[in-house]
Amino acid sequence: MTRMADPLALLRTMLLIREAEMALARLFADGEVPGFIHLSVGQEAVAAGVCSALGPQDSVASTHRGHGHAIARGVALDGFFAEVLGRASGVCGGRGGSMHVADLNRGMLGANGIVGAGAPIALGAALAHRIRGTGGVAVAFFGDGALAEGALHESLNLAAIWRLPLLLVCENNGWAEFSRSDTQVAATLSAWSAAYGVPHAEVDGNDAAAVAAAAAEAVEALRRGEGPRVLEARTHRWRGHFEGDPQRYRDAEDAARAAGHDPIARSRAALLAAGVAESALHAAEAEARDAVAAAIAGARAAPAAEWADARHGAYAPAES
Amino acid sequence: MTRMADPLALLRTMLLIREAEMALARLFADGEVPGFIHLSVGQEAVAAGVCSALGPQDSVASTHRGHGHAIARGVALDGFFAEVLGRASGVCGGRGGSMHVADLNRGMLGANGIVGAGAPIALGAALAHRIRGTGGVAVAFFGDGALAEGALHESLNLAAIWRLPLLLVCENNGWAEFSRSDTQVAATLSAWSAAYGVPHAEVDGNDAAAVAAAAAEAVEALRRGEGPRVLEARTHRWRGHFEGDPQRYRDAEDAARAAGHDPIARSRAALLAAGVAESALHAAEAEARDAVAAAIAGARAAPAAEWADARHGAYAPAES
Amino acid sequence: MVQAINRALAEALAEDPAVILLGEDIGAAGGPFGATRGLQQRFGPDRVRDTPISEAAIMGAAVGAALTGLRPVAEIMFMDFVTLAMDALVNQAAKARFMFGGQRGVPLVLRTPHGGGLSAGPQHSQCLEAWLCHVPGLKVVCPATPADAYALLRSAIADPDPVVVVENKALYAMKGEVPDAPEPIPIGRARIVRPGRDATIVAYGAAVHWATDAASLLAAEGIEAEVLDLRSLQPWDEAAVLESLSRTHRLVVAHEAVEAFGVGAEIAARMADAGFDELDGPILRVGAPFTPVPFARELEAAYRPDAARIAAAVRRTLD
Amino acid sequence: MVQAINRALAEALAEDPAVILLGEDIGAAGGPFGATRGLQQRFGPDRVRDTPISEAAIMGAAVGAALTGLRPVAEIMFMDFVTLAMDALVNQAAKARFMFGGQRGVPLVLRTPHGGGLSAGPQHSQCLEAWLCHVPGLKVVCPATPADAYALLRSAIADPDPVVVVENKALYAMKGEVPDAPEPIPIGRARIVRPGRDATIVAYGAAVHWATDAASLLAAEGIEAEVLDLRSLQPWDEAAVLESLSRTHRLVVAHEAVEAFGVGAEIAARMADAGFDELDGPILRVGAPFTPVPFARELEAAYRPDAARIAAAVRRTLD
Ligand SMILES: Cc1ncc(C[n+]2csc(CCOP(=O)(O)OP(=O)(O)O)c2C)c(N)n1
Ligand SMILES: Cc1ncc(C[n+]2csc(CCOP(=O)(O)OP(=O)(O)O)c2C)c(N)n1
Ligand SMILES: [Mg+2]
Ligand SMILES: [Mg+2]
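Residue numbers (our numbering), protein chains in the order written: chain A, 1 to 320; chain B, 1001 to 1320; chain C, 2001 to 2319; chain D, 3001 to 3319.
Just so you know, the hints here were simulated from the structure itself, not pulled from any lab data.
Cβ coordinates follow ideal geometry from the N, Cα and C atoms, glycine included.
Each hint should be verified, as a subset may be incorrect.
[Said to hold, decoys possible] A short list of chain C residues far from chain D (calculated; beta carbon distances all over 12 Å):
id, residue
1, Glu2015
2, Ala2029
3, Gly2038
4, Arg2104
5, Thr2212
6, Arg2297
[As the list claims (entries may be wrong)] Chain B stretches covered by chain D per the calculated footprint, using a threshold of three residues with CB under 8 Å from any CB of chain D:
id, stretch
7, 1147 to 1158
8, 1167 to 1179
9, 1182 to 1194
[Unchecked claim] Chain A is nowhere near these chain B residues, computed Cβ spacing over 10 Å in every case:
id, residue
10, Gln1057
11, Ala1076
12, Leu1104
13, Ile1131
14, Gly1197
15, Glu1202
16, Glu1220
17, Ala1221
18, Glu1226
19, Gly1240
20, Glu1253
21, Ala1256
22, Ala1259
23, Ala1265
24, His1282
Produce the complete structure using the sequences and hints provided.
Have a look at this one:
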């Protein structure tokens, strides 16, 4: 039987992601974040829901828009913020930054700066789980724009042929950078999956409980050895492609519409309706705020990453 | 209305391909052909039929198994043999060989040593035809094994999005090198095409007239600006993947079955049934034999390719 | 520099109907760095074409289009992503003229930005031009100024063979005059940025500016370094380097790319042969150390070559 | 050499359940060159895995598997096809250890054959190892003998970081002893193939044999050339080359790859710096000319470097 995700836990995860990203937005505007960052504000339900279906042995390959996946996967906020701010205590020592947050001991195989590259990596992780008999599964998140990359097609085909425990999760937010993805990809994901004989499910990506249930069902099928699955979550990108994106290509209406589908508001309302006390929600919100504030304070206080530590970091230290 | 291909002309083309390739098989066995060659014996109806639907302005991107496409496209036999034998008079000066026979003035954009690489090239040719308003179309041949390459997926998607006059022709011979392609590709071509909203037609690839008709229909649709098409021709690879392939992976039955579907025998029988005189067929056969013999004699007599001519061949000569 | 590129593209589009642009978000959005801003409005979506995220097909389509009468100018958004387009670039574009016996060339241009300085991290900062210089059939240029960016891009588009124009991201914002009627810059010709008699510094792209800064530092110490901007990396101007070396007798080669197996290796190796008799000191290279490009500002600053390191190299070869 | 590779793979598979092989037709068919013959029968289709024609996914899957506890050994059938696998190799495998802050390495091996001599034409003959040597995070080895092919492959599979094993196609048929209990060969260590005092010839892969032939030719003229087989290209044994140079004072670097921007450029450039004081003559390189690899036998024979060209280079540097 499909395990039910705890709705309050889902909300907690989403709150943490939202708080973390909105804080990053402010930090970015203040010039405290190096490089560029892609926020998943509005899409939190997908990360929270999918990761709620996973166990510690499972693997996740993420995207350039990967903060939510990392946090939902349990990457410690301290290490996360320190990484995105480029501090020595970052989970990757400040060498990767936003687009490369990884925590291999938690099966978080990394955000990825290359669109589409997560899918073959997750494919390989699924293969490893199968061969090693870990019972684990692998998830690759990808965007609707990424479907145009050959890597997606090769990965789905291989997973199908090999019947690997791979879940491909499309975060369909309608955009690929500055273009509507329906001007870029001719295939619907359902027809595409069907062509390979791979079951596809679509879910409201703004409904964490629905995502969690769909993911749990898919993951159980994977664990039963039934071969790969595709899960498509329709959701909305609230903000620009990256922070600082003036979004000249997007009319105000679209952005407003996006904000009308707040997965957090939805989850909150459902919890209240189910009788959860508002105070419990306030507590969760405060917890998220405090955790993020503490992580930011920690990151700010942390020493800058040092080149002396990094310079020999491309290879394993020579044995001696 | 769809133009009818002349059945005798189709037979002539197939005879030429068959004669040429069987001669190459002998030359190869005798050590006269450098490198390795992939013969399309048994698949002649696809090349002949598809190319019968094309005009001089159209473009064709071919594969490693490209002799038939080149000959059907009208590449002169002299230059063809001289190329495959590595002579100076080869259509590519002996620099390319079997896997790179090209004749750009005939819209033959080349055989290709990279599986799947022809599709994006043909995509670009289709784009050029569209932008330049030539009325031309582009054809990419590919094998059933090539469908596993990301390039196929990217190309079909782009052609669909841009509604380009691109015909993707799959020569489905059941094999990808030494493996059955159904162990390699999970998607059927019809479902795959449908996922992109691209019309797919399947045709008996051993029936030249049927291929010609299907291709003509598709090409007319392309010329009408209706967007790309996929044509799947089921056929058989009679010989090994390459000449000299011991085919340990293939049982005798399969090879025998293949030979039971001889497109030439079929076309011959149909012509006889339609009242064409046997003498006319003998004449066509003799013609093919003679043309091939003459081309081989010419190639043998031609001087070897010379390095002095080739060494500055990577770039256009400097203007002076 | 972005304006200079934009102007070169606009003029090429206006002059030759065979020129088309294709790339991700280059049309309606004007390109990720603004290099193609306004061009789709002016020349239409057919000729200034937004593509899906399909680098392999973009490059392959450029090859097919170039073989069929167009002069495509493709953009790959970051040079790091040419990893996805290498087959079309290397196995198809670069080889077609040769392997088809000289029937026709492949007049395509690939524009792609390299380089760091923006904390863009290990997958958005690489300088991979040495790969492409190693591929017979390709040409590679890398402008250091807006005027060069304009002129080299025009030369690239006019060239009958495939040319990769490597643009340094950190220079996109650089201001600089492009004359109203600019002189063409032939591919393969270097320029002396600053003359000097004590040592030659050969550089390209962003490193040209570090090299001139280094020359200023050195001048204060009485060392007159000559700075050469290669402009073209393949072919590169061996005669100009040799000529300079034969006056200065000392050579330093600087670039932003990883030092090991980088472009500088070829320059140094050639001069250790053809220029051997002119050398009065070791040939030194200044390039990035052998790690991926790090993200954090402090790390990236330590990682990237700069004027101080170039000046130190000049001092060492004069030792 | 193919038997030596086969033995190394078989032993690694037998010793470590984490080792798996993947590639096109490597299983049931035993590999296009027979290197994996019999291994699927012995170790099963799960561990010796036939893949579809999907080089990008093969390489990407190897990265994911290596990050998840396996030691994949991937095969790409011809080195020319690594163009399709560069993202996974360069942007993922090579960078993961560094960009993830040293959390974990990517213990994968890529085996791929390079080189000509078989009239395989421009897309099946390239030597592209210089690209990979330029990528921080990758290691690259290239054996010249069956014994080295065995030992270097074992070292590669044991290595905690990604290693590309470049095998020369023309050497696959080479016979040679592999001892019953072979000594391990550490990555990064060269070997002196033939000692000599007049000049050093540094080579790798097939060129090692041309270099020893050249040394024999030269010996007949009274010139004693020392031949060094690099074995590893990244890292390469700078100390060994320098040591040899400090005895011979003359250097020639030879390889099958295109000379321009090839591996030899790095060796020469380093020696023009670190070895400058030892040099009594120009550093010469012998590599392929700057065209694609031609098909016709006569063309390819003229194109490929050989003993005569290496000997001529040695004579020239001694001039
Ligand atoms: C290979 C590659 N090509 C292009 C880019 C630039 N890029 C970054 S994100 C993006 C759009 C991705 O769209 P989608 O997959 O829908 O993800 P979303 O941003 O909507 O989450 C592009 C084109 C890249 N990072 N990698
Ligand atoms: C990119 C690439 N990968 C692998 C190969 C080796 N190879 C040549 S033909 C072939 C099988 C192709 O099968 P299919 O596409 O069905 O064509 P067929 O040989 O059946 O005509 C393979 C794997 C190649 N040439 N290029
Ligand atoms: Mg999207
Ligand atoms: Mg086939």
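Against the structure, the hints come out as follows:
no.	hint	result
1	Glu2015	holds, 31 Å
2	Ala2029	holds, 24 Å
3	Gly2038	holds, 32 Å
4	Arg2104	holds, 15 Å
5	Thr2212	holds, 23 Å
6	Arg2297	holds, 16 Å
7	1147 to 1158	holds (count 3)
8	1167 to 1179	holds (count 4)
9	1182 to 1194	holds (count 3)
10	Gln1057	holds, 26 Å
11	Ala1076	holds, 36 Å
12	Leu1104	holds, 26 Å
13	Ile1131	holds, 18 Å
14	Gly1197	violated, 6 Å
15	Glu1202	holds, 15 Å
16	Glu1220	holds, 22 Å
17	Ala1221	holds, 17 Å
18	Glu1226	holds, 14 Å
19	Gly1240	holds, 24 Å
20	Glu1253	holds, 25 Å
21	Ala1256	holds, 28 Å
22	Ala1259	holds, 29 Å
23	Ala1265	holds, 35 Å
24	His1282	holds, 47 Å
The structure does not agree with numbered hint 14 stated previously, though it agrees with all others.
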